[in-house]
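Quick note, the sequences are listed as chains A and B, same order. With numbering that gives the first Met the number 0, you'll find the first sequence wraps up at 146, consecutive numbering, no jumps. With numbering that gives the first Met the number 0, you'll find the second sequence wraps up at 146, consecutive numbering, no jumps.
Some hints here could point you the wrong way.
Because identical chains share one entry, a pair is satisfied inside a single copy or across any pair of copies.
Claimed, not checked - Restricting the straight-line Cα-Cα distance to at most 25 Å, the calculated cross-link-like pairs of lysine to any residue (SDA-like) are:
| id | residue 1 | residue 2 |
| --- | --- | --- |
| 1 | K128 | D91 |
| 2 | K83 | V23 |
| 3 | K83 | E5 |
| 4 | K128 | E97 |
Treat the hints as calculated values from the structure; they're not laboratory data. None of these values were measured; they are calculated from a predicted model.
Chain by chain, the residues:
Protein chains: 2
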Amino acid sequence: MKLLVESILILVATSLVTLAQADVHSEIAKRTSSFEAAFNRGDAAAVAAHYLPDATVLAPGATRIDGRAEIQNLWQSYVEAGVKDLQLTTVDLENHGETANEIGTYSLSAPDGNGSRVQSSGKYVIIWKTDDIGVWHLYWDIWNDMP
Amino acid sequence: MKLLVESILILVATSLVTLAQADVHSEIAKRTSSFEAAFNRGDAAAVAAHYLPDATVLAPGATRIDGRAEIQNLWQSYVEAGVKDLQLTTVDLENHGETANEIGTYSLSAPDGNGSRVQSSGKYVIIWKTDDIGVWHLYWDIWNDMP
């Protein structure tokens, strides 16, 4: 009887952990879609709102960027450069309590300078953290290009 | 009296957490120095041994690289290209149990193709994890260049 109760408890605990993990995945998937949508309508302020106030962005060919105001400026510069069709795809996602570490790939299109557009793609690591009310935000964000 | 005991317990617990954090910092500092030294003597196999067997490297202008054999090939290609004087500097390090997330900067020198050498620098995110016996290894590694 004791063994049965223990087995059930372990089963319930395992299921709760699995549920919590699934929840993190689906919450971060929602935040990722909403980030994409904000960028693709050219709303750099809405993109920046997906980052924590003390977030850090390490963009290729740029110095380190800290804080939402500077992060908004960075994304605004991409909007003004005509970058569009941002697509983010999560490849790996590992949850460690209040943080989650993601590897993903991106694709986008940008003007080629001759009136046409070019596709480019790359890969990224995002460290996600929850804010005070448990909403997932980007905390560290770094990416680089594919060959 | 109860309050005193509680205060002492909290003090001890806080000190233990601080000690554990300091330990992670100094352990990862040692592993970083050893990584640098391995690369700077041209030993790509020793560099690769700092990664977990299932580690991932996201290098600029390259596709995703998984596993120590491929990681060793990548570092061997840098050795053969004449990259030297690798210096790694930890800027932020956050420990979450069995993982630790780091932001750092690097500098290196490489042949400029005209018989001289050029300095270049960049920034990185490393996700560290401990192996079975508690030794810190690189698990995810991504970097890009400074302007």
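Hint-by-hint comparison with the structure:
no.: 1; hint: K128 x D91; verdict: both (16 Å within a copy, 15 Å between copies)
no.: 2; hint: K83 x V23; verdict: neither (28 Å within a copy, 42 Å between copies)
no.: 3; hint: K83 x E5; verdict: neither (54 Å within a copy, 58 Å between copies)
no.: 4; hint: K128 x E97; verdict: both (6 Å within a copy, 17 Å between copies)
Checked against the numbered hints listed earlier, the structure breaks hints 2, 3; every other hint is satisfied.
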